[in-house]
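Novice: Mind docking chain B on chain A? Use the hints.
Protein chains: 2
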Amino acid sequence: MPVETSSTNRLPEPSFSLRRRWTEKQAISYLMQQGVENPGVISLAAGLVDPGSLPVEETRQAVRELLADDRRAREVLQYGTTQGAQTLRQQLLGHLARLEGCSVEDLGIDAEQLILTTGSQQFLSLVADALIDPGDICLVAAPTYFVFLGVLNGLNACTIAVDTDENGMDPDALEAQLIRLEADGRLDRVKLIYLVSYYENPTGLCLSAARRERIVEIAKRWSKFHRLYVLEDAAYREMRYDGPVLPSVWGFDGSRESVILAQTFSKSFSPGLRVGYGVLPRDLIAPICDRKGNEDFGSANFNQHLIATVMQRGLYAPHVEKVRDSYRNKRDCMLRAIDTHFAGIEGVTWVHPHGGLYVWMTLPDHMETGFTSPLFRQAANVEGVMYVPGELCYGGEKASRPSHQMRLSFGVEEPSKLDEGTRRLANAVRAVV
Amino acid sequence: MPVETSSTNRLPEPSFSLRRRWTEKQAISYLMQQGVENPGVISLAAGLVDPGSLPVEETRQAVRELLADDRRAREVLQYGTTQGAQTLRQQLLGHLARLEGCSVEDLGIDAEQLILTTGSQQFLSLVADALIDPGDICLVAAPTYFVFLGVLNGLNACTIAVDTDENGMDPDALEAQLIRLEADGRLDRVKLIYLVSYYENPTGLCLSAARRERIVEIAKRWSKFHRLYVLEDAAYREMRYDGPVLPSVWGFDGSRESVILAQTFSKSFSPGLRVGYGVLPRDLIAPICDRKGNEDFGSANFNQHLIATVMQRGLYAPHVEKVRDSYRNKRDCMLRAIDTHFAGIEGVTWVHPHGGLYVWMTLPDHMETGFTSPLFRQAANVEGVMYVPGELCYGGEKASRPSHQMRLSFGVEEPSKLDEGTRRLANAVRAVV
Numbered sequence: 304m305p306v307e308t309s310s311t312n313r314l315p316e317p318s319f320s321l322r323r324r325w326t327e328k329q330a331i332s333y334l335m336q337q338g339v340e341n342p343g344v345i346s347l348a349a350g351l352v353d354p355g356s357l358p359v360e361e362t363r364q365a366v367r368e369l370l371a372d373d374r375r376a377r378e379v380l381q382y383g384t385t386q387g388a389q390t391l392r393q394q395l396l397g398h399l400a401r402l403e404g405c406s407v408e409d410l411g412i413d414a415e416q417l418i419l420t421t422g423s424q425q426f427l428s429l430v431a432d433a434l435i436d437p438g439d440i441c442l443v444a445a446p447t448y449f450v451f452l453g454v455l456n457g458l459n460a461c462t463i464a465v466d467t468d469e470n471g472m473d474p475d476a477l478e479a480q481l482i483r484l485e486a487d488g489r490l491d492r493v494k495l496i497y498l499v500s501y502y503e504n505p506t507g508l509c510l511s512a513a514r515r516e517r518i519v520e521i522a523k524r525w526s527k528f529h530r531l532y533v534l535e536d537a538a539y540r541e542m543r544y545d546g547p548v549l550p551s552v553w554g555f556d557g558s559r560e561s562v563i564l565a566q567t568f569s570k571s572f573s574p575g576l577r578v579g580y581g582v583l584p585r586d587l588i589a590p591i592c593d594r595k596g597n598e599d600f601g602s603a604n605f606n607q608h609l610i611a612t613v614m615q616r617g618l619y620a621p622h623v624e625k626v627r628d629s630y631r632n633k634r635d636c637m638l639r640a641i642d643t644h645f646a647g648i649e650g651v652t653w654v655h656p657h658g659g660l661y662v663w664m665t666l667p668d669h670m671e672t673g674f675t676s677p678l679f680r681q682a683a684n685v686e687g688v689m690y691v692p693g694e695l696c697y698g699g700e701k702a703s704r705p706s707h708q709m710r711l712s713f714g715v716e717e718p719s720k721l722d723e724g725t726r727r728l729a730n731a732v733r734a735v736v
Numbered sequence: 304m305p306v307e308t309s310s311t312n313r314l315p316e317p318s319f320s321l322r323r324r325w326t327e328k329q330a331i332s333y334l335m336q337q338g339v340e341n342p343g344v345i346s347l348a349a350g351l352v353d354p355g356s357l358p359v360e361e362t363r364q365a366v367r368e369l370l371a372d373d374r375r376a377r378e379v380l381q382y383g384t385t386q387g388a389q390t391l392r393q394q395l396l397g398h399l400a401r402l403e404g405c406s407v408e409d410l411g412i413d414a415e416q417l418i419l420t421t422g423s424q425q426f427l428s429l430v431a432d433a434l435i436d437p438g439d440i441c442l443v444a445a446p447t448y449f450v451f452l453g454v455l456n457g458l459n460a461c462t463i464a465v466d467t468d469e470n471g472m473d474p475d476a477l478e479a480q481l482i483r484l485e486a487d488g489r490l491d492r493v494k495l496i497y498l499v500s501y502y503e504n505p506t507g508l509c510l511s512a513a514r515r516e517r518i519v520e521i522a523k524r525w526s527k528f529h530r531l532y533v534l535e536d537a538a539y540r541e542m543r544y545d546g547p548v549l550p551s552v553w554g555f556d557g558s559r560e561s562v563i564l565a566q567t568f569s570k571s572f573s574p575g576l577r578v579g580y581g582v583l584p585r586d587l588i589a590p591i592c593d594r595k596g597n598e599d600f601g602s603a604n605f606n607q608h609l610i611a612t613v614m615q616r617g618l619y620a621p622h623v624e625k626v627r628d629s630y631r632n633k634r635d636c637m638l639r640a641i642d643t644h645f646a647g648i649e650g651v652t653w654v655h656p657h658g659g660l661y662v663w664m665t666l667p668d669h670m671e672t673g674f675t676s677p678l679f680r681q682a683a684n685v686e687g688v689m690y691v692p693g694e695l696c697y698g699g700e701k702a703s704r705p706s707h708q709m710r711l712s713f714g715v716e717e718p719s720k721l722d723e724g725t726r727r728l729a730n731a732v733r734a735v736v
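For the record, the sequence lines run as chains A and B. Going by this note's numbering, the final residue of the first sequence carries number 736, and the count climbs one at a time with no gaps. Going by this note's numbering, the final residue of the second sequence carries number 736, and the count climbs one at a time with no gaps.
Do not rely on the hints blindly, as some may be mistaken.
What the hints assert, rightly or not - Pairs of lysine to aspartate or glutamate, EDC-like flavour, derived with a Cα cap of 16 Å:
hint: 1; chain 1: B; residue 1: Lys-328; chain 2: A; residue 2: Asp-586
hint: 2; chain 1: B; residue 1: Lys-720; chain 2: B; residue 2: Asp-635
hint: 3; chain 1: A; residue 1: Lys-720; chain 2: A; residue 2: Asp-353
hint: 4; chain 1: B; residue 1: Lys-625; chain 2: B; residue 2: Asp-353
hint: 5; chain 1: B; residue 1: Lys-527; chain 2: A; residue 2: Glu-316
hint: 6; chain 1: B; residue 1: Lys-527; chain 2: B; residue 2: Asp-473
hint: 7; chain 1: A; residue 1: Lys-527; chain 2: B; residue 2: Glu-316
hint: 8; chain 1: B; residue 1: Lys-720; chain 2: B; residue 2: Asp-353
hint: 9; chain 1: A; residue 1: Lys-527; chain 2: A; residue 2: Glu-478
hint: 10; chain 1: A; residue 1: Lys-328; chain 2: B; residue 2: Asp-586
hint: 11; chain 1: A; residue 1: Lys-625; chain 2: A; residue 2: Glu-360
hint: 12; chain 1: B; residue 1: Lys-527; chain 2: B; residue 2: Glu-478
Read the hints as simulated data drawn from the structure, not as lab findings.
Chain A with its partners taken away, still in its complex shape (with noise of 0.2 Å):
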């Protein structure tokens, strides 16, 4: 027999798929974990969710009532579907044409396209997964999720950057974009625009409402060689504290072949359940269902109804006010926080978010703030204090992403925690000023 290694020989290495090699540790992965194991730190880094405010009666309520019955309990503990249950998703319908602000019918789609997924990650993963080759090219607004950007460069996509202001991407900016891809002979690989719609992760801001119908109108016109989809990320949608209620993406999308919507319960209800559901246009419902028929065959049939039970006893609207208000309080802490432990610091600005559970600042351009930054270490080695880097939220070319900015979360703190987590991080700025 041809075989020479003895099994006394150490074994060889393993050879991992080109996509296992493309793909890094998210970093998200890394500060979830670091918020959990080290206590003592105060996170602003996490984008866990605000303790408090976690749904424990509603939950409670809605368990009881599922397993109630024993036949009933037996439905919910049963396999489901690819798709998730039908009775959450025709659940969903009424709660998007109460977002949207027009009856069901005018939502122009039925509870077949709306995918349910293990929250709102997984959906952007499939959609991802799904239109994306190697070298194909998804344009994003600079900075944008870093979450997001982790899948594309798990699928070796091209990440190109979009200049962003205060109104978010910039469409005549996407445009100058799409011209030099195509005078490049490039147009043909581009497949998908990224937008956060409602103050994004990570500066807060939202893209303006003139801003939502351009992008559809850009991604409709440059279908040349296909049809270019907007995948709208909507997971801090109802996460509104003040300013204006703004019209989704979507919306602006009246055939519903462009936009892809995501959403989720995450932020609104419960990260721990990990219900996510997603909007598709016709042509994308058999690829996104049968890849996840692949990957896991149907998320938790328990979950989701669970959630349906919540919405149809009429307990998940007073929720969402509830977290709302906690919420807006801990912004508002945060940002007297600033105020104060900042004053006198040359150079900082940050963003007054109107939502979500994020605020974005910058520093001098000088001062680096990656986690191999002087101000990194500082912060979370003798201050004890967590943040997420600015410069993880930037596609396109490294070289040419700013890296003097940082993301703050809210989200999981308590206020006081929020104040003392703020003087730390001021105090480690002074020290490497």
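Specialist: This is chain B only, laid out in the frame that chain A set:
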């Protein structure tokens, strides 16, 4: 501007990724949906579990405990980690030790090597994703679990079917394939040997202990270019009704470097909670967790704590005993029904399974069982009974796949329906014979 498409034109078609184009609708999605939507048809197809044996009271008790205290309730409604709840991973070490018949210390692993997933399906899919590039080779039993074949096809992997007999995959045939692949210069593409080690889905057969040991030895010896992994799918391990207690394939991998073990609570407890898990050789921890970080950064934390509580309170083992009793009875009922209703139909044989959920039936050579065959149509449309066509369960060359077999499940239907479904199936066979 170089734009010609007017907004009234129809938009062009989407352009999907290669991976989407490789992916077919999972037959299981189709069959599960049929099972859910057509309560009139008796399903000997769906791998749904027995509703009567679902753990209603156990779940009530565990949920009551989880939610009794506000602080604890908030912990389980919060995000968990990508790898899964530490408390359940710790419990699982004890559980595995009991199954292996050794102490936790003698397991030779720690909780870091355990990852919690959305059913074991997500674990299998993650392993394939991290190891397999298009064209890479996975050796599988003939027949084997068709859903995993779908996962492999979705990666454009090459599946090679290895002959099996009543003792499972034949190690001589496995080695002959490896010799042939080496001669063809393709050994460097061989990444995985996939085994359903207990009560194989679809055949109900077990790999014999001697073969388990030999296959591990073969995997190590043939790790010439890189580590050749064995992926042991032990989904039905705890579903033993009689016959010997077999050691796992994983147990024969003394160095814990070559065998990846997948298990689940879907069959032994509740599929609606979607909690599966895997045991990883150390080199695979980061690759699998990183891929999961991209896919969903963690399955439902609530559900993991629920299962942990069930185990901590000693509710799990007695429940598994009840489940076993119930399925043993249903298996006996189905075998009796086959004896009765197939009496006098020539050339029909079937396997007597000692565990799992399936009876594998072979019809005369000429009698096709596929979705488009006269038999399937007669069974589904005229008689009102569904089964899984055997041809779905074969990898390798399409032309060489047997097409006269059926997987019959006694999982979901109650005894009287099993009898009636078997009667209908025998009628369908008689009608097309």
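Novice: All hints are to be evaluated individually against the structure, with a verdict given for each.
Specialist: Structure-based check of each hint:
1. Lys-328(B) - Asp-586(A): Holds: Lys-328(B) and Asp-586(A) sit about 14 Å apart, inside 16 Å.
2. Lys-720(B) - Asp-635(B): Distance ~13 Å between Lys-720(B) and Asp-635(B) Cα, so the pair holds.
3. Lys-720(A) - Asp-353(A): Judged against 16 Å, a Cα distance of about 12 Å means the pair holds.
4. Lys-625(B) - Asp-353(B): Roughly 12 Å separates the two Cα atoms, so the pair holds.
5. Lys-527(B) - Glu-316(A): 10 Å, holds
6. Lys-527(B) - Asp-473(B): 21 Å, violated
7. Lys-527(A) - Glu-316(B): Roughly 10 Å between the alpha carbons, so the hint for Lys-527(A) and Glu-316(B) holds.
8. Lys-720(B) - Asp-353(B): 12 Å, holds
9. Lys-527(A) - Glu-478(A): 14 Å, holds
10. Lys-328(A) - Asp-586(B): 14 Å, holds
11. Lys-625(A) - Glu-360(A): 13 Å, holds
12. Lys-527(B) - Glu-478(B): 14 Å, holds
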